[in-house]
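The residues making up each chain are set out below.
There are 2 protein chains.
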Amino acid sequence: MMEKCRLVFSGSGGQGIITAAILLAEAAVLHEGLNAVQSQSYGAQARGGAARSDVIIWDKPVYYPKVIQPNVLVCLTQTAYNKYHPTIRPGGLLITDTALVKVDKSAEARLAWLPFQDQIKQEMGNARGLNICVLGAVAALTQIVSIPSLESAVAGRFDERFREANLKALHMGIALGSQRSSASV
Amino acid sequence: MMEKCRLVFSGSGGQGIITAAILLAEAAVLHEGLNAVQSQSYGAQARGGAARSDVIIWDKPVYYPKVIQPNVLVCLTQTAYNKYHPTIRPGGLLITDTALVKVDKSAEARLAWLPFQDQIKQEMGNARGLNICVLGAVAALTQIVSIPSLESAVAGRFDERFREANLKALHMGIALGSQRSSASV
Chain A
1 MMEKCRLVFS GSGGQGIITA AILLAEAAVL HEGLNAVQSQ SYGAQARGGA ARSDVIIWDK
61 PVYYPKVIQP NVLVCLTQTA YNKYHPTIRP GGLLITDTAL VKVDKSAEAR LAWLPFQDQI
121 KQEMGNARGL NICVLGAVAA LTQIVSIPSL ESAVAGRFDE RFREANLKAL HMGIALGSQR
181 SSASV
Chain B
1 MMEKCRLVFS GSGGQGIITA AILLAEAAVL HEGLNAVQSQ SYGAQARGGA ARSDVIIWDK
61 PVYYPKVIQP NVLVCLTQTA YNKYHPTIRP GGLLITDTAL VKVDKSAEAR LAWLPFQDQI
121 KQEMGNARGL NICVLGAVAA LTQIVSIPSL ESAVAGRFDE RFREANLKAL HMGIALGSQR
181 SSASV
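Those sequence lines, one after another, are chains A and B.
Quick note on UniProt numbering: the first sequence kicks off at 1 and runs consecutively.
Quick note on UniProt numbering: the second sequence kicks off at 1 and runs consecutively.
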């Protein structure tokens, strides 16, 4: 029996948080035969530049689309980390960025604190693709969707001018997540 | 007191349904100071090519992000129309396309049956921008967000190569919706 996977992607507007969440949901549903709901709540925090997107993936129908306590929490700003890391389930997985977030290691969660932004900037020359890179790490670390499923979702999302760069970002994230997942915590 | 506005955008994958819903939510929140939630459920119907996105906009916090009975229903395929038009609230508004959907006029809703796709194809040479055109009509017909708010959201979404075409599509939709809303039902 599959455990219900509750993910929260958090960061700031413009980082492509929502796109990452939608692509994960699409990969799960269209290519893995699972069910998914994906939602955004917008309010005062969005006017301050914050972005958050929730995804729930399960092999049964999912009715309530918001995540209270995530199994998997992605934080791409310090503000998002400070706000959401207390909500992660004990034993959950926190995925965050070495350049963007200073972590407090007392959280009762596995930690994947990885240099997404540094690597993206080094390889791409700017921070575009950060969201897709992180998405690759989410897949490598959680195995909630297969890599070919995610490649299909990403390839289908971007037209040919951007496809190759995004697939490259995805594979950078998969490599980062794979290294992390084989290391001791 | 503002009435809670529950919208469902429905159609097929690739029509940009989700993007339209997100842009409407962003316009409401970032530029109108309202609250919004926006969600997608994916499941068996998505594997058949169907797409649906829900948006709730209100001046109070919104907790439950799914729409059961929409006030405003957008249908861009016959399948979506057949499935969802029975769910519209009495007195609600149905927005659909003359080329894509044959309507059964017995629905207890106001009907905006407009030539979005024909006009987009005629002006743009292909069906890209259909989602943004429909979004313009939603704004003109419902006045849930102002036109400048929606222009800002659309302009912020697309990089400069695509911005002008999308703003043009938006204004085509606003014109279609404005004509319709001033006509007798």
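These aren't lab readings, by the way, just hints derived from the structure by calculation.
Among the clues, some could well be false.
One copy or any two copies: either way a pair holds, since identical chains are not told apart in the list.
Heads up, simulated BS3-like pairs for lysine-lysine below, C-alpha to C-alpha not over 27 Å straight-line [to be verified]:
(1) Lys83 to Lys66
(2) Lys4 to Lys66
(3) Lys102 to Lys83
(4) Lys168 to Lys121
(5) Lys66 to Lys121
(6) Lys121 to Lys4
Model, not experiment: these values are computed from the prediction.
Practice prompt. If any of the earlier hints don't hold here, list their numbers in rising order.
Written response: As far as the earlier hints go, 5, 6 are violated by this structure, in ascending order.
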